[in-house]
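Participant: Letter by letter, the chains look like this.
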Amino acid sequence: MRIAAFLPEILRHLFKKPATVDYPFQKLEVPKDFRGTPFLHPELCIVCRACVRDCPAEAIDILTVNEADKKFKMVIHNDRCIHCAQCVESCPTAPKALEMDHLFEIAAFSRWDLKKEWEYVKAQVKPKAAAGTPSAEAKS
Amino acid sequence: MKFTVPIGPQHPALKEPISLRMTLEGEVIRDADIRLGYNHRGLEKLAEEKTWLQNIYVTERICGICSHSHATCYTQGVEKLMEIEPPKRGIYLRFLVAELERVHSHLLWLGVAGHEAGFDTFFMYTWRDREVVMDILEMVSGNRVHYAINTLGGVRRDIDDLQKKKILDSLDFLRRRSEFYFKIGANEPSFVARIAGVGRLSKEDALALCAVGPTARASDISQDVRKDDPYGMYAEVPFEVATATSCDVLGRVVVRVKELMQSYNIIEFLLKNLPDGPVAVRAPRRAKPNEVVSRYEAPRGENIHYIKSNGTDKPERLKVRAPTLANYPATVVMLRNGFIADIPLIFAAIDPCICCAERAVVLVDGRSGEEKIVLMSELRKQAHERWKKAPLKKDAVWPF
Ligand code: SF4
Ligand code: SF4
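Sequence lines, in order, name chains H and Y. Those letters in the first sequence? Residues 3 to 142, by my numbering. Those letters in the second sequence? Residues -3 to 396, by my numbering.
If we strip away everything but chain Y, and leave its shape as in the complex, we get (with noise of 0.2 Å):
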C-alpha cells in the first residue's frame, strides 16, 4: 500500500483539473493515488506583485463558490498584520454574507449528491432553492458569485431595513424548504440506500489523516474553527457543532443538512442583533514586517492564509491551505476497498472544488496492468447501472 499526495509547491487546492488513479481488482478498488497541479495559475506570486488592498480581489478569485472564504480570511489576516480592528456592524455585514455563502454552497452540494446518486429531481429542487440565496447576495453585494463585500478595515457596503427584512422573509422559505430536503432523505429508501456505508472514513483514520470541514464532522469529530478558535463575532453568536457518527456519505449528507439549520439560525441572529455605527474603518496603505496564520472555517473546513509583511504595501509571502487540499489524504482512504461506482459519489462528497473541472479517470485493471481512461459521464452511467441490479439495503437507516 503506498501512495504519494503531492501537496503542490504553490495553492494546489484551487479550481484545478485533477487526476484520479485507481488499482482495480474487479470492481473494487485497491489502490488510489490522487495527482495535483494541472491548474496552477501563480496567485500566491502574484499577491506578492499587488497591494494589500488589490490583493483583497485577487484572493478572492482563487475559488468561484468558497470566494467570499478566502477573501475574508485573508482580510481578517492583514487587519491583524495593520493593527486595525474593523467596526461591530462591519463585522457582522461580513460573516453574515459568510453565513449566505454557507448556505449556498451546501445547497450546491447537496443537489450534487443527489445528482451523483442519480436523484436529478432533487438536484433540480435544490439548485433552484439556492438561487434565492444568490439574489440575496446580489442584492446585498452587487454580485452573484464574487461579491467583493470585504475591505481593509470592515466591510464595502450597508444594508438597510428594507434589504433586512428581505433577507428574514426568504429565510422562512428556505428554512421549509430545508427542513422538507431533510424529511425526503428519511422517507426516501433508496436514496439512503444509496448513500449508507459508502465511501467509510472511520474516527481514527480521519483524525489521523487531518479530515477537515463536514467530512470530519461525518466522522464524529466535533471541530469547528468557529467553535474551537472563534474569530469574528462568532464568539457571541450561539450555534452548535453538527456532527454525524455515521462515518460515510450519508453522514456527510446528514451533516451539510444540520449545518444548514445552523447558518440559518446564525443568519437571523446576525440580523436581529445588528449593532448600528459605521461598516469600515480606515486603513494604512502599508504593514509592519510580521508574519500572521488566519484561520476560517469555510463551506468545506479550515481554510488557511499565512501572510508575511516586509513594511511595503505589498505581501512579502502569502500561502492559501485551501480545505479541499487537506481532505484529498482522506480521500484516497475512502475510496480504498470501494466500488469504481462509488468513485464519483465519495469524490463529491468532501465537496472538492475541482469536480467540475475533472472529467477523465484513468482505470488500471489490477489483474492485467491494462490503463483505459474513461469520462465521468460514463462512470456515472456505470454507476447507476449498477445499482440497478443491486438489491435494497433493508437496514440502512437516516439516523434520525
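Looking at chain H on its own, in the form it has when it is part of the complex (with noise of 0.2 Å):
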C-alpha cells in the first residue's frame, strides 16, 4: 500500500497529447465499411422490393410513377433510417442497387430534409444479376 500511486501517471499525462480530436476543425476518419446512410444507384434497380420487405424501420417506399413506362420513384426516409444497412444486403443485384455512404454528420433543421428520392426506370432483369442469391446460384 502506498499513498497517491496514481500520480506518477497523471504527472506523465502533462506531457501527451490530448486523447479527443479538435472537432469540427479536425475530423476523424471512419473506418472503410462504415455504415453511413443508404443511397441507390437508380440504373441498377429492378424493383424487387427486397430492400422494402426488410427495412426493419420501415424507411424506404417504391412509389409507381407510370406502369407503361416502368418508372418508379424510390424514396428513402433518412428521418427514420436506422443504418442497418439491411437493404444493402437484401438487395439482390449485382453490382448492388444499394450502397451505403461514409457521411457521420447528417443533422438537418427538418425531418423532410431527410427525404431522399430518385425518380427512374426500371433496369431490365439480367438473368446472371438476378440469380445473385446464394441458393438460386447454388440450384442452377
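All the given hints hold, so there is nothing to weed out.
Calculated lysine-lysine pairs in the DSS-like style (CA-CA distance at most 30 Å, straight line):
#1 K117/H / K46/Y
#2 K29/H / K160/Y
#3 K98/H / K84/Y
#4 K124/H / K98/H
Calculated directly from the structure, the hints in this document are not laboratory data. Since the structure is predicted, the reported quantities are computational estimates derived from the model, not experimental observations.
Relying on the hints, combine the two individually framed chains into one complex.
Facilitator: And the structure:
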C-alpha cells in the first residue's frame, strides 16, 4: 500500500497530447466499412422490393409513377432509417443497387430535409444478376 | 419489512427512468422500494409485428450498451426454432464481438464505479482506453454501438488478416492498461476503503434473491451461463469464472477486472483459432410452430429470451428478461442498513442499464415521514462530503 499511487501516471499525462480531436476543425476518419446512409444507383434497381420488405424501420418506399413506362420512384426516409444496412444486404442485384455512404454528419433542421428521392426507369433483369442469391446459384 | 418489486407486464429492464424509494432513519436506509415502468416502449409487442429478420434490429435496440447481447440471445433462439446451424467461422466471429462488447461494458462500468466513489481521474482514464475497444468494434462491424453483425444463420461480415492483427495489437495495450488498473486498486488505500464493505450481499441472500452475473459472482457464487450451459463455441474455449468472496462493491470491482482479463484471453483464443469457411448460411423466412428459451451471459448477467413461433414469418411472442431486472431484489437488500451516501455506489455496482436516465431519488425521513426529492448530483456531493470526513478504514485491503 502506498498513498497516491496514481500520481506518476497523472504527471506523465501532463506531457501527452489530448486523447480527443479538435472537432469540428479536425475530423475523425471512419473505417472503410462504416455504415452511413443508404443511397440508390437508379440505373441498377430492378424494383424487386426486397429492400422495402426487409427494412426494419419501414424507411424505404417504392412508388409507381407510370406503370406503362416502367417508371418508379424510390423514397428513403432518412429520419426513420436506423443505418443497419439490411437493405443493402437484401438487394439481389450485382453490383448492388443500394449502397451505404460514409457520411456521419447528417443532422438537418427539418425531418423533410432528410428525405431522399430517385425517379428512374426499372432496370432490365439480367438473368445472371437476378440469380445473385446464394440458394438460387446453388440450384442452377 | 415489506417491499414490492413490480415485475412489469412487458420488458421492464430497459434503459428506463426508475424511482428508488428509501425509508431512512438518520443517515441509515431502513427500507428501499424500487419503482419501475417509466420507460415502457412496447418493444415486445412491436416484435410481434416484424419479421424474424427485422426483429434482430428491434432486439438490438433494447439496450445501447449490451445491444449485441440481446441480438445474439434472440438470434440463437430463432436459429434453434428454424433448425439451422451457423457455420463455425460465423459462430467464432459472433462471440468475438460478444467478448469485445463485454470488454467495453466492463471498462465503462469501472469508470462509473470510480466516478461514484469520487475517483474521477480513474473514470477519465478507463473511458479513454475504452475508445480503443469502440474503435475495434466500429472497424469490425461498421458502427460503434449497434453493431448489427448478427443475421439469422451466422454473421453479416467477415474479418481479414489486417483487422485480425489490429485487434491483437490493441489487445496488448488493453491488457497492459487493465493490469495497471488492477495494481492501482491494490495500491490506492482511499479507493479500497471507499468501496470495501459497502453494499453487502451475503452468499445466501444472493442465492435466495437470484442475483445474476458479476453481482452474484462477487458473492462467491460461481455462476456463468458460458460455463454452466455453454452456447456457441464456449464449450471449446478455455476460461475461468471469476469470483470474489468479499460480497461487497470491492468484490464487484475485482470480479469485473478479472473478467476483463478472461475476455482478453477468449478474444485471443478466438482470433488464433478462427476456422476458415463461410460466415453464414441461408435462413428460411418462416419457422415451424414451436417455442424456445435462449440463455446468454451478458456483461451484466444472464439474459433470457423466450420466443414462440406459429408457423408464420413473425414471432407469436417474444419475452425478454434482462439481467438488471434479476438484480433488483438483491439491490434492495444491499441498500438496506447502508448509508444514503452509498446509494449511488451500490446502485451503480449492479451496473443497471437505467442509471444514466435516473436523476431523482425520493428521501423519506423515517422519523417525520417527510419526503423530499434530491438530484443524483446532489446526492453524490453529499456522499463525497461524508467520506471526506470519515476516518480511513485501516483494515480494508485489496484481496490479493
Ligand atoms: S439502412 Fe436499414 S433502416 Fe435504413 S433504409 Fe436500409 S434497411 Fe432501412
Ligand atoms: S432490393 Fe435492390 S433491386 Fe430490389 S427494389 Fe430494392 S434497390 Fe431495387
